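In case you want the letters, here they are:
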Amino acid sequence: METAFTPFASFGGGLLIGLAAVLLMLGLGRIFGATGILSGLIFPERCPEFAWRATLVLGMVMAPGLIFLATGAWPALDVPVSPLIIAIGGVIVGLGASFGSGCTSGHGVCGLSRLSLRSLVAVPTFMATAAITVFVIRHVIGA
Amino acid sequence: MMKLIYAWATGLVFGLGIAISGMMNPAKVLNFFDIADTWDLSLAFVMGGAVAVTFIGYRLVWRRATPLFEDRFQVPNSNVIDARLVGGSALFGIGWGIAGFCPGAAIPALGMGRWEVALFLGAVGLGLALARILKGQSILPRSASA
Chain A
6 METAFTPFAS
16 FGGGLLIGLA
26 AVLLMLGLGR
36 IFGATGILSG
46 LIFPERCPEF
56 AWRATLVLGM
66 VMAPGLIFLA
76 TGAWPALDVP
86 VSPLIIAIGG
96 VIVGLGASFG
106 SGCTSGHGVC
116 GLSRLSLRSL
126 VAVPTFMATA
136 AITVFVIRHV
146 IGA
Chain B
-16 MMKLIYAWAT
-6 GLVFGLGIAI
4 SGMMNPAKVL
14 NFFDIADTWD
24 LSLAFVMGGA
34 VAVTFIGYRL
44 VWRRATPLFE
54 DRFQVPNSNV
64 IDARLVGGSA
74 LFGIGWGIAG
84 FCPGAAIPAL
94 GMGRWEVALF
104 LGAVGLGLAL
114 ARILKGQSIL
124 PRSASA
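As given, the protein sequences belong to chains A and B, one line each in that order. Note that my numbering gives residue 147 to position 142 of the first sequence, counting from 1, and the numbers run on in steps of one. Note that my numbering gives residue 10 to position 27 of the second sequence, counting from 1, and the numbers run on in steps of one.
These aren't lab readings, by the way, just hints derived from the structure by calculation. Remember, it's a predicted structure, so these values are computed and weren't measured experimentally. Beta carbons are placed, not taken as given, at the ideal position from N, Cα and C, and that holds for glycine. There's no promise every hint is true.
Unchecked claim - Only part of the chain B face toward chain A is listed, based on derived beta-carbon distances under 10 Å:
(1) Asp23
(2) Val44
(3) Glu53
(4) Pro59
(5) Arg67
(6) Arg115
(7) Gln120
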């Protein structure tokens, strides 16, 4: 399935993602790691920590609706894989992000920006294994 | 209360960025990795824009003594490169390449009201719980460590 090359929208969206990471550091002194925030909601430790994570996630979830209200169209979301594949991928993502201490936002955006040595190792690692996985699934197995 | 509203607004900015960038579209994410066929380079622009702002913004913010709503910055300071980091990251990439979603993209995508997103995030939760069990951490509500 082809998707359109969208350099301007993607760069603009990236600027907003970066702005959010900076705002969280400015306000709460925290890294914007989506998996860590999600994990903090599922396995809450202390109530004040739970509350800001909950409102942060609420803001995140409201974004597509706001775009619909502003433009009359929902953002594109095409899922080219089966439910079983989504579920398997999700479990592996959860395991990997937990053991690797981060995901695309935590290591990718925040870690690279901090020049964290761990993130400088983690990001090329997960980019490489993602590319290999897509190649194997689409062009070796041929799914 | 101001802190909670601030966190909400921060989440909204992040979600808008994810939605506008195309990150929440698994077809686009998977095509970014499919260099051999339907390659779509867009996501490199997402990462470039996000890192450029964060790289500069963090350094401006760290000129302050404290954050606005907390008494200190909580930034990881470990430099340990071990099998857990590399293996976990490798596994994360495999899962990302299988499903086309990552957590930061899927959370805002939940607002689209699509069951595939809920299924993915439920599975991520299961993976996080499995990892906690494997690490010997509690998955009960009153757990002690992060």
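Each hint, compared with the structure:
1. Asp23: holds, 5 Å
2. Val44: holds, 5 Å
3. Glu53: holds, 5 Å
4. Pro59: holds, 7 Å
5. Arg67: holds, 5 Å
6. Arg115: It holds, given that the least Cβ distance between arginine 115(B) and chain A is near 7 Å, below 10 Å.
7. Gln120: holds, 8 Å
In the structure shown, no violation is registered for any of the earlier numbered hints.
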